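There are 2 protein chains.
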Amino acid sequence: MYRTHTCGELRIEHINNTVTLSGWVQKMRNLGGMTFVDLRDRYGLTQLAFNMETNAALCEQARKLGREFVVKVEGTVQERSSKNPKMPTGDIEIKVEILSILNKSVTPPFTIEDETDGGDELRMKYRYLDLRRNPVRKNIELRHRMAQEVRRYLDAQKFIEIETPVLIKSTPEGARDFIVPSRMNANQFYALPQSPQVFKQLLMVAGYDRYFQIVKCFRDEDLRADRQPEFTQIDCEMAFVEQNDILDTFEGLARHLFKNILNVTLEDKFPRMAYDQAMTLYGNDKPDLRFDMKFVDLTDLAKQKDFVVFNQAEYIGGICAEGCAGYSRKELDAMTQFVQKPQIGAKGLIYVKYNEDGSIKSSVDKFYTEEDLMAWVELFKAKPGDLLLILPGERNKTLPQLSELRLEMGERLGLRDRKKFVPLWVVDFPLLEWDEDSQRFHAMHHPFTSPKTEDVPLMETDPGKVRANAYDLVINGVEIGGGSIRIFDEDLQKKMFDLLGFTPEEAQDQFGFLMNAFKYGAPPHGGVAFGFDRWVAMFAGIDSIRDVIAFPKNNSGRDVMIDSPSPVAQAQLDELFLKMVQPK
Amino acid sequence: MYRTHTCGELRIEHINNTVTLSGWVQKMRNLGGMTFVDLRDRYGLTQLAFNMETNAALCEQARKLGREFVVKVEGTVQERSSKNPKMPTGDIEIKVEILSILNKSVTPPFTIEDETDGGDELRMKYRYLDLRRNPVRKNIELRHRMAQEVRRYLDAQKFIEIETPVLIKSTPEGARDFIVPSRMNANQFYALPQSPQVFKQLLMVAGYDRYFQIVKCFRDEDLRADRQPEFTQIDCEMAFVEQNDILDTFEGLARHLFKNILNVTLEDKFPRMAYDQAMTLYGNDKPDLRFDMKFVDLTDLAKQKDFVVFNQAEYIGGICAEGCAGYSRKELDAMTQFVQKPQIGAKGLIYVKYNEDGSIKSSVDKFYTEEDLMAWVELFKAKPGDLLLILPGERNKTLPQLSELRLEMGERLGLRDRKKFVPLWVVDFPLLEWDEDSQRFHAMHHPFTSPKTEDVPLMETDPGKVRANAYDLVINGVEIGGGSIRIFDEDLQKKMFDLLGFTPEEAQDQFGFLMNAFKYGAPPHGGVAFGFDRWVAMFAGIDSIRDVIAFPKNNSGRDVMIDSPSPVAQAQLDELFLKMVQPK
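Residue numbers (our numbering), protein chains in the order written: chain A, 1 to 584; chain B, 1 to 584.
With the rest of the complex left out, here is chain A (with noise of 0.2 Å):
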């Protein structure tokens, strides 16, 4: 027997207790007379005392443990002459008899503490030495438990899981698919899903009414900081149901893992937004609502006088920044900078001091007189000592400018706090957008989502005007999930599909049997996709999902632990009907 506790476990009414313990030498003192070895497992530390006087032979043994040496013990609880209330086990010590060591360990390449010393390639490339450190278990302790509580609630809801295939058929909507020869079918390839859509809405034809799956998705893309190859989604769909149906099923859930997980009480009904507004207050259609400093348009008013730069803008906007009216030209400058950065873009940036003594300063102080700038500042409804930050441009680059600036300014004075959590529906998306290279219309959702039924005339006429039956839930200004209702009717899709540029055939081949599964009676239906890695981690109150991924890949795809991708024997190739290609 290897362990009669865990090495958390041991408290103060065991003194006495023969215990056996397995774990990892996290720390070895030689304090002389005394030896300690802090020992470790899953679940914490405990103290191992060796007696040098009492037992000369065992404590020699125990000074030359190494760090991360795998051992075994058996022993007495005592109480500790000098109690650690830190530490849950720290009351007790274990008076070691036996000592046996499984199995020795090398040094590792980096420290296994909670601040390591290891910089990010050497931690991916031995991550099962990574994964040892308390702050990644946490991590991946917590992500099982947010599934667990995931699957309670859906049950519950009599959600059923069903999982869905994932050798499936390449489609050319969307992302780039990863795809699988076929070695008994010579020339073909199965593709892995970027979702399980298609599939999800063939199981409300199906008649299975509340589905959902924690699922792997796969998406063939360069990657992004903070994308990975593989990455895990919360699939639901809802038959029977209209958006609302979905959206208060869904706060539930999000409500049910902030109690269980966080023990954070959310509001009642998440408030919600069209997207128009979203874009217009905030210039972004995931809104960080944690703070306010809406957008205030000054187009109007701005255009009166004869500075140019206005004059010429399609939109004047500004926040304001609440008693910054101090900011010093450095300051300042430091803004101006971030506003230029080439990711951001803006050209420059216009600023309004209304100090605290009632006078304005202001950087166009040249143009304005101080009571068209106090006009601008009632219509800010900024305070003494308040400062307006002012962006004038393009709108739809300059929307997304001050939503930066926005952001930064937040970040700035502290109003985006870690442990605040302000969720949010955006709703009524545009159906489709623009796609200036191809000169045609994507779907902003998917082509299967479902315009607003006010707008369905619209297609015909001004399809860019479409609003659709989509929703993204928003959480501190980062996007959790996302969803829609669905076409149903066999003739909105065509219609959908032709919009998208689909010829009949195209479609036919793509999507022809989900088409023709609708001829069978598809009920209502619409669901939801939560993207699970970046939930966790904004539970774990991190910013990267690679830390709460227990085997990430890096941003050129790669496991650096494993070596893989590598190449493959002839052999193999020869099997699936496949040459290799040289690249140039």
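Treat the hints with caution; some may be incorrect.
One copy or two, either will do: identical chains are not told apart, so a pair holds if it fits within one copy or between any two.
Said to hold, decoys possible - No more than 30 Å apart at the CA atoms, straight line, and that leaves these computed lysine-lysine pairs for DSSO-like: (1) K27 <-> K519; (2) K347 <-> K420; (3) K104 <-> K494; (4) K158 <-> K216; (5) K125 <-> K216; (6) K64 <-> K465; (7) K138 <-> K216; (8) K125 <-> K158.
These aren't lab readings, by the way, just hints derived from the structure by calculation.
Since this is a predicted model, take the numbers as computed values, not measurements.
Following the hints, position chain B against chain A.
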């Protein structure tokens, strides 16, 4: 709103309630004055009543409803005049006031009934319709409940579900991998996992102690009946355990599932049988213990006379079929033909009838006296009325032949009751098996399986004799799962790779990251994997795993519903640095 209740919910206490239901038209019966429609959803059937006298227009509308139309009705719950005690909703019906057709349906290609007129191929092609049928739906619901209970049990036992990657590395050991070309790493490939074996061992090295995952695995094999290229495992691993700890833990899982899903209480300690004994007594490493009928070794006793067939046989064994002495010539011929089938391959079958009157009649009367045969009868502990069935030949071939015969007789005698469940741990499997083709040893379980400590010296002298710490859970003759204690010592692992004919370079290339991980303090560990599809099929009382998978593939690995695999555009292959080769 589409519904206030489901179609399985309304009872006598709902009478006079105004309700809204949605679902599919199961059946329409036009009785002249009255028209009845059975409305179906996942939860049940509810009868809708339309009265020609009180609302002729509505009744006319109802009469036009086709099978599988999707409708919404509003109406009042009323007591039925003729109740149907077979239906949970059989006491009531809905007096319909409003009928809306949500979607029409063309006539389905087969009937949506418990017994359908659709053949296998048709039902696969229209799987979304097949999934509407009660027996299929019940399997899918059962699968969901089983997955939930697996997670509930393992979570309570402190197991953590950890997702391991799907895009991994190809290894030559085991079955053929599916491979996935990498676009970002030219001429390199991922592989889909045949199991998360290495990752779960790395998780033990990482200190996670109790891991599980319900996970898709992949094998590119020529599909025999009832194999799927993608299948689902309950994959588990534990550290700081010995074989008994693992068997106890997963006996617990099995008991939990039997109790909570089937309400069957299994015995407290599953029997354990060594592989050798299972082969000797049942000719099978997964014996069906619902019935006894052990093999009796007749070799010594039968070799005393001039019957050349026996005298040349390495092994002569038989079974005693109780109460079958009365078998006719025709029945005995049928049994002979059964064992002579090519997939069984026996030359012939010898019988000895121990008649009710105490007389003996056999197919070898020419060679053996009644006294000789009486000695056989005694060895078999046969009673008057029993029938001995005997096969001679090479031991390795005869044992499995006799096993097939035993199972067939068990079937004929009604001893393989689907409602009875007899679990068994088969233990002490051989570590290695000799492969004639490659003239080398293969790992019987996998290359990480630990030999029994007492057999380690045999690795040098007689590797074929080494027993492994490996075990299978067998229920009713079906292998539900299996596993092993793993090697956690780097040197022993090297020795194992050596025995398997890996050069140190090959071992390093394929499993270097695992052996490297073992340098950093690997704990003793072991695990098990259960075939989830198979287990669900057993609980569903069916033979084919295809019936418990929502979207299965056919025997050519094709999904005939979505028509996959399928060709891809050359442009897609160009990006992957691949060219197709035409099959010859």
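Right, here's what the structure says about each hint:
In this homomeric assembly, K27 and K519 come within 30 Å of each other (Cα to Cα) only across copies, at 18 Å, whereas the closest approach inside a single copy is 68 Å. Proximity of K347 to K420 under the C-alpha cut-off of 30 Å is found in neither arrangement, the shortest distances being 34 Å within a copy and 78 Å between copies. Proximity of K104 to K494 under the C-alpha cut-off of 30 Å is restricted to the inter-copy arrangement: shortest distance 16 Å between copies versus 66 Å within a copy. Taking the shortest Cα distances, K158 and K216 sit within 30 Å of each other both inside one copy (22 Å) and across copies (24 Å).
Both within a single protomer and between protomers do K125 and K216 lie at most 30 Å apart by alpha-carbon distance, with minima of 23 Å and 25 Å respectively. Neither within a single protomer nor between protomers do K64 and K465 lie at most 30 Å apart by alpha-carbon distance, with minima of 74 Å and 38 Å respectively. Taking the closest pair of Cα atoms, K138 and K216 come within 30 Å of each other both inside a single copy (21 Å) and across two copies (25 Å). Proximity of K125 and K158 under a CA criterion of 30 Å is satisfied inter-copy only: 28 Å between copies versus 42 Å inside one chain copy.
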